[in-house]
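**Q** Quick mapping for you: the protein sequence lines, in order, are chains A and B.
Residue numbers are given in the numbering used here: position 312 of the first sequence equals residue 312, and the series is strictly consecutive.
Residue numbers are given in the numbering used here: position 65 of the second sequence equals residue 65, and the series is strictly consecutive.
Source of the hints: derived by calculation from the structure; they are not laboratory data.
Just so you know, even glycine gets a beta-carbon here, dropped at the ideal spot from N, CA and C.
Check each hint, because a few of them may be wrong.
Okay, derived cross-link-like pairs now, DMTMM-like style, lysine to aspartate or glutamate, Cα gap no bigger than 25 angstroms in a straight line [unchecked claim]:
hint : chain 1 : residue 1 : chain 2 : residue 2
1    : A       : Lys13     : B       : Glu118
2    : B       : Lys87     : A       : Asp24
3    : B       : Lys86     : B       : Glu20
A few chain B residues facing chain A, derived, Cβ under 8 angstroms [what the hints assert, rightly or not]:
hint : residue
4    : Ile11
5    : Arg12
6    : Arg19
7    : Gln22
8    : Ala35
9    : Gln52
10   : Val56
11   : Phe59
12   : Leu62
13   : Asp63
14   : Gln64
15   : Asp111
16   : Leu125
17   : Leu129
18   : Pro130
The residues making up each chain are set out below.
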Amino acid sequence: MNQDQQPQDWRKKLTDQQAPMDVDRFWAQLEPQLPPQRKRRAFWWWMLPVGLLVAGGLFWWSGQQTELADESHVGHGAFIPSHSAITDEQPPVEGSGVSSEIPTTSEVAGSGSADQGSPRRSSSHSLQRSGSGAQLSSGQENDGHLHTVSTMGPESHSHDHVEENNRDNPLETRRQSFPTDEPNGLSETVIPMPARQEIQQVMTLPAVLIGELAYRPPALQEAVIERSLAAPVRSGWEWALVASGGPGMGIRSLQAERVEDADWIADRKRTERLLESWQVRLMGEVVTPQGVYLEAGLQWTRQNERLDWSKDSTSWTWGPATGFLVDDQGGSQPWQDSAAWSSYSLRREVRHYNRISTIEVPIGLGYEHRLGVWSIRAGGGLMINLRQSFSGRSLLPQGWPGYWEQEEDLALRSRIGLGYYGQIRVGRRLLPGLEMFVQPTWSAYPGDRQEGDQFRLKYDHIHLQTGIRWRLSNH
Amino acid sequence: MVYPMTEKELIRACQNNQREAQFTLVRLFAPRLLAVCRRYVPDGLDAEDTLQDAFVQIFSHLDQYDPARGTLWKWLCRVAVNAALKKHRLTGRWHLDRAALEDVPEIADLDHELNRLEARAIEDLIRALPDGQRQVFNLVAVEGFSHQECGELLGMATGTSRAYLARARQQLQQQIIHMETQRL
């Protein structure tokens with residue numbers, strides 16, 4: 001700019017002037033003189049259905065593989081027999097008292113994992129599981145000794161498997177016969193995550209990228225450019241209704257306490273594997289001209305998670321013991337002793353694949369900055385948890401201690417939970433009002449009560465959400 | 001809710017010869033650029049021809065646009081002016097005696113006088129200037145080019161450009177005084 005110039009209104013009058021012209025006619029004359037148009041976008045539009053077909057095929061294939069894997073898993077008769085082999089020969093000893101009063105191994109373990117639906121396991125299962133556990137250990141030894149499966153009487157505080165080394169005096173030495181770190185033990189058993197879930201996890205990001213590359217229908221492209229260049233970034237207050245949804249990934253850590261005996265049954269920082277999730281949000285928000293926003297609404301989250309941990313403990317107990325005498329040929333016979341002191345090692349095995357559905361009301365405050373097609377916002381607030389339900393299945397072999405049948409949706413929450421959250425969101429505009437986003441979120445519930453107030457939980461949830469966001473606003 | 005597409009994106013799309021983006025650029029800037037062309041090429045049809053040449057140049061050399069050196073509008077304006085000057089062979093025939101500069105008094109309140117006029121009246125005044133003075137005044141005073149840039153565009157020395165501008169300002173001042181005298 002010329003340094004001699006002063007601020008001049010007359011100059012602005014001239015440079016702002018637009019000569020009247022027929023732009024369409026002008027363009028029609030100009031276009032033939034321009035270099036030919038590139039046809040690259042057509043490739044991506046063809047790639048989109050191809051990608052969807054491939055994705056669908058992979059899902060179908062993974063489903064087939066999962067079913068086959070489940071079937072072959074049950075068929076591991078040599079090491080993981082089904083409980084029916086035991087119960088067919090000898091029905092479970094009923095009325096032992098322990099099962100109905102004291103949590104079984106699986107119950108404790110299940111409840112320790114916060115929301116795995118422990119009360120839904122029947123007491124009769126405990127004996128069946130004991131039988132299968134003993135039979136498993138019998139497969140490990142081939143020295144002609146008998147292996148005893150016992151169920152303790154009312155005085156006992158544990159409910160375990162007993163392996164007996166001396167056939168003539170089965171009460172002399174007892175020890176826990178849970179297969180743990182031994183060869184052929186549970187820790188050696190490969191329990192894969194369902195292949196379908198693995199593929200879903202891997203495919204989340206490419207799906208978003210394909211969406212990014214293939215967007216922009218030509219007819220809308222021009223409207224986007226024109227509108228965006230012609231209008232200011234933000235002018236005045238904005239009122240908006242926002243709908244968003246998409247896949248994500250998350251982990252949770254929790255601390256669980258039984259309210260009745262103040263026993264911490266799950267330790268802090270028991271983190272689960274990173275698994276995929278889905279979230280749908282409907283929010284209302286107000287944004288000031290300075291970029292400060294206030295939001296409130298409703299969100300539904302479906303979080304898949306896998307629990308995979310174990311914990312050992314040892315206790316002494318006194319009381320009548322019942323069970324089976326199992327030999328290494330697979331035969332068994334009932335066994336009972338009126339009273340005995342025994343030490344028992346208890347191993348809690350928690351291996352679940354869960355789906356947790358949550359309905360929450362976030363109320364938050366934050367700041368949003370927009371830069372071209374990008375926007376970034378950071379904020380946080382209160383999170384009201386209206387409902388949490390659970391469905392899942394055990395990843396332990398059928399008949400294993402801690403195994404339980406697949407369960408459908410069950411409400412876990414006994415009252416409304418109050419937590420807080422913080423989040424950062426990076427978004428990229430695709431079309432006016434439509435953007436894709438990545439949103440890491442941290443939320444915490446410091447004192448959640450679940451399952452009829454039996455358990456108090458404290459948990460943190462770190463969640464990376466991606467998806468598409470549609471915004472209807474007054475601008 | 002407005003998510004503006006950036007200038008950079010628009011330029012990139014035009015460089016990729018995406019017709020939608022090119023048409024958008026034309027629709028956004030053509031009317032203003034036509035007004036620029038008309039300041040140099042008084043004939044209306046010639047001005048549109050010039051503008052077509054300018055847009056062909058713009059889309060061919062968009063990769064040469066450097067945002068660090070100025071706004072997109074200024075670059076477009078420069079290309080359009082260049083096209084107008086070349087098409088009508090207005091370059092390379094400017095010679096002015098530097099000594100003539102000494103006789104030109106500084107016009108202090110010309111801007112103030114021009115501010116009081118309507119755009120059309122200002123255009124009429126500029127159009128009445130001799131060729132050299134008109135081109136320099138348009139380039140330097142209206143479009144905002146420096147004397148060096150003006151000299152490069154018109155093929156004249158920087159001093160010559162300064163002299164033409166001073167004379168143009170003096171001429172405009174006299175025209176305004178004459179106009180007001182007639183009005184009285």
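**Q** If you test the structure against every hint from before, which numbers come out violated?
**A** 3, 4, 5, 12, 13, 14, 16, 17, 18
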